[in-house]
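Peer 1: Spelled out, the chains give:
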Amino acid sequence: MAEVKLTGLSKHYGDFAAASNVSFDVESGSFLSLLGPSGCGKTTTLRMIIGFEQPTAGDIFIDGERINDIKPWLRDLGVVFQNYALFPYMTVAENVAFGLKQRGVEPAEIKRRASKFLELVGLPGKEDRFPRQLSGGQQQRVALARALVIEPRVLLLDEPLSNLDAKLRAEMRFELKRIQNETGVTSVFVTHDQEEALTLSDRIVVMNHGEVVTVGKPKEIWERPTSAFVADFLGVENIFAPDGFEPGAVVIGGKRFAAEHDGQGNRLVGLRSTDIEIGGDADAGLAGRVQQTSYRGSINTYVVDVPGIARPLYISTATDLPIGSNIVLKPRDGAVLILDPDMEIAAA
Amino acid sequence: MSTGVKRETLIIGAPASLWLVVLLVIPCLFLLFQSLTPLSGTGLSLENYENLVESGTFQKALRRSIIVSVWVTVLTVLAGYPIALVASRASPRVRTLVMVIVIFPFLLSAVVRAYGWTVILGENGVVNDFLIGIGLIAEPLRLIQNTFAIIIGETHVLLPYMVLSLLTVIQRIDRNLEAAAMSLGASPPVIFFKVVVPLTLPGLLTGMLLVFSLSMTAFATPFLLGGPRSPILTVLMYQYAYTLFDWSKATAVAGVLLVLGLGFVILHRFVSRRLMRDAEAGR
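As you go down the protein sequences, you meet chains U and W in turn. Counting from 1, one number per residue, gives the positions in the first sequence under UniProt numbering. Counting from 1, one number per residue, gives the positions in the second sequence under UniProt numbering.
Hints were generated in silico from the structure; no laboratory data involved. Since the model is a prediction, treat every value here as computed from it, not as a measurement. Errors might be hidden in some of the hints.
[As the list claims (entries may be wrong)] Not everything, but these chain W residues come out facing chain U in the computed CB check (under 10 Å): (1) 170; (2) 174; (3) 176; (4) 178; (5) 180; (6) 182; (7) 185; (8) 188; (9) 190; (10) 195; (11) 198; (12) 201.
Glycine included, every Cβ here is placed at the ideal spot set by N, Cα and C.
Just need the whole structure built from these sequences, with the hints factored in.
Peer 2: The structure is reproduced here in C-alpha cells:
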C-alpha cells in the first residue's frame with residue numbers, strides 16, 4: 001500500500017493547459033476520485049501518474065519517491081481502462097498472468113495467484129475462456145484481476161464503469177468497493193459520474209478546465225459545495241444571484257433567509273429542488289406560480305416562477321400542484337448554499 | 001460461389017468476364033495444353049515436365065526463385081514493421097512524407113528502378129566507390145548481375161505491399177492494449193512482440209503471401225538486375241522461349257509458374273478468410 005502525492009502537476013500542449021497546477025494527496029489504502037466533466041483534465045492527470053504523459057511541470061511522489069522519471073513499465077501500478085483493454089488473443093488466465101510473467105514469477109505460482117485473484121473478482125473457473133466469450137461486466141472483472149494480481153502500489157481506474165449498462169454499473173460499483181476494501185489497495189478513480197464518486201470515494205477531487213476546484217469527503221462536497229461549478233455538477237438545480245447579503249442571512253425576492261456566509265459580496269446561492277418547502281406563512285415565504293410540471297412517480301418536479309428571482313425555481317415535492325396554481329415556498333432551514341461564482345449562470 | 005447472384009450482377013459483370021475469358025483464361029488453357037503436348041508425336045503426356053524437372057538448370061532456377069522470395073519476404077517484414085509503425089503513429093505531416101517515399105517506386109517503370117540500382121551497386125557505383133574510398137576493399141565488389149541484386153531490387157519494389165498490409169492492421173490496434181501491457185511491466189520491445197505482432201498477424205500473413213507470390217512471379221526486375229547467368233524461374237522461361245527457342249520447356253516452366261501462382265491465390269484467400277473470421281469473433 002502506498003501513498004500518492006501530486007505537487008503542482010501541469011501538462012501544457014502549446015498554449016493549452018490540459019492540467020494546471022494539480023496538487024492533492026491520496027492516503028495509503030484510501031480511495032480517491034477525480035471528478036469532472038470531459039476535458040477537465042482528470043484523465044490527463046491519471047495518465048501522468050501512470051507515465052503515459054510527461055508532466056510539463058510539477059512532481060509525482062509515491063511513498064515519498066519521486067517517480068516522474070521512472071519508466072511507466074517500472075512503476076508497479078495497476079491500471080483499469082474504460083474499454084477493459086483485455087488482450088483478445090489470450091485466455092482469461094493468460095491475461096491475468098501477463099504482469100506476473102513480466103516479473104519472472106514461477107508458472108505454478110502464477111497459476112495459484114491468478115486463480116486467487118479471479119476468485120476475488122467473482123470469476124472462479126473462467127480461466128480458459130476468451131474475453132469475447134464474457135459479458136462486459138465479466139470482462140471488467142478480469143481487467144481488475146489482471147491489474148490487482150501484480151499487487152500494484154496504486155490502482156488507477158479510468159472510467160471503468162462507463163461502458164456498462166445502468167443495472168450492471170450499480171452492481172459493479174458495489175463489487176469495486178468490496179474488492180478495494182478486501183485488498184486495501186490505494187486507488188485513484190477517474191469519473192464524470194457524481195454518483196459513482198460519492199458512493200465509492202473516501203475523498204473526491206473535483207476538477208474543471210484543468211484545475212482542481214475543490215477537494216473533500218463525499219459528504220462535505222455533497223452537503224456544502226463551495227462553488228457554483230461544483231454545485232451545478234452535483235446536480236443542484238437552482239443557482240442564482242440573490243438580492244444581497246445581510247449578517248447571518250441572504251435576501252432572496254425581498255425576503256430574508258438564514259444563511260451562514262463570510263460577508264463577501266458577489267456570491268451566488270444554490271438551492272436543491274428537494275430543499276424547498278411548500279406552504280406555510282405567506283409573509284415569511286416567497287410567492288410563486290407553477291409554470292410546468294414533470295411527472296416522476298412518487299416525487300414530481302415543478303418549474304415555478306417567483307417574482308424577484310431572475311430564473312424560475314425547480315421544486316421537487318410529493319404534493320400535487322396543478323399548473324397555474326399559486327403557492328408559497330421557502331428554503332428549508334440551513335439549506336441555502338453560498339457559492340463562489342466560478343461559472344456563468346445561464347439566463348432564464 | 002454464392003448462390004443468390006442477381007441478374008443485374010451478371011449483366012454488369014459480363015463484359016469484364018468476357019474480356020478476361022478471351023484474353024486470359026483461353027491463352028492460359030492453350031499454354032497448358034501446349035505444355036502437355038510432347039515434341040515427339042501427338043496426344044497428351046507429362047514428358048515436357050519430366051524433362052524439365054530432370055534438368056539441373058531448372059532445379060537451380062527454382063531453388064534461386066525460392067531463396068530470393070524467402071529473402072525478399074523476410075527483408076520486407078523487417079523493413080515494413082518500423083515503416084508502418086512510424087507511418088501510423090507519426091504526425092500527419094510525417095506520415096504523408098513516409099507514405100510518399102514508400103509508394104514512390106510504384107510510380108517508376110521497372111527499367112528506371114533497375115537503372116537506379118545499377119548506379120548504386122554497379123562496379124563504379126556509389127557503394128563500391130565508398131568502400132574503396134574508405135580503404136575497406138581494393139577491387140570493386142560484384143554487387144550486380146547476381147542473386148544479391150535481385151533480392152535488393154525486389155525488396156525495393158515489393159516493400160509497399162508489405163507496408164500497406166501492415167498499416168491497415170496497425171491502425172486498428174486499440175492503443176489501450178499497449179498501455180495496459182506497459183502498466184503491467186512490459187517494456188516497448190516486449191509490447192511489440194507480445195501485443196503488436198499478435199494483433200497484426202492477419203496483415204503480416206497477407207503481406208507475406210502477397211510479397212512471396214509476387215516475388216516468385218516477378219520478371220522485369222530479376223531480368224534487369226540478375227543477369228543471364230543466374231536466372232530465376234521467370235527469367236529461365238524467357239531464355240527458353242526467346243534465346244533457345246525451346247518452346248516445350250518454356251511452356252512447361254510457364255505451367256509450373258501458373259500452378260504456383262494459382263496455389264498462392266487459393267492459399268491467400270483461405271488464410272485471409274480464416275483470419276477475417278477469427279478477427280470478427282475476437283471483437
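Peer 1: All the hints need checking, so say for each whether the structure fits it.
Peer 2: Tested hints:
Interface hint at residue 170 of chain W: violated, since its Cβ lies 15 Å from the closest Cβ of chain U, which is beyond the 10 Å cut-off. Below 10 Å, beta-carbon pairs count as interface contacts, and residue 174 of chain W has one with chain U at about 7 Å; its hint therefore holds. For residue 176 of chain W, the interface hint holds, the least distance from its beta-carbon to any beta-carbon of chain U being 4 Å, beneath 10 Å. Interface hint at residue 178 of chain W: satisfied, since its Cβ lies 9 Å from the closest Cβ of chain U, which is below the 10 Å cut-off.
At its closest, the beta carbon of residue 180 of chain W sits 4 Å from a beta carbon of chain U; the interface hint therefore holds under the 10 Å criterion. Interface hint at residue 182 of chain W: satisfied, since its Cβ lies 5 Å from the closest Cβ of chain U, which is below the 10 Å cut-off. With a least beta-carbon distance of about 4 Å to chain U, the hint placing residue 185 of chain W at the interface is held under the 10 Å criterion. Given the 10 Å rule on beta carbons, the hint for residue 188 of chain W holds: about 8 Å separates it from the nearest Cβ of chain U.
The criterion of a C-beta within 10 Å of any C-beta in chain U is met by residue 190 of chain W, whose closest approach is roughly 7 Å, and the hint holds. Annotation: residue 195 of chain W was flagged as interfacial toward chain U, and the flag holds, the nearest CB pair being 7 Å apart, inside 10 Å. The beta carbon of residue 198 of chain W comes within 5 Å of a beta carbon in chain U, closer than 10 Å, and the hint placing it at the interface holds. Using the Cβ-Cβ criterion of 10 Å, the hint placing residue 201 of chain W at the interface with chain U is satisfied: the shortest such distance is roughly 8 Å.
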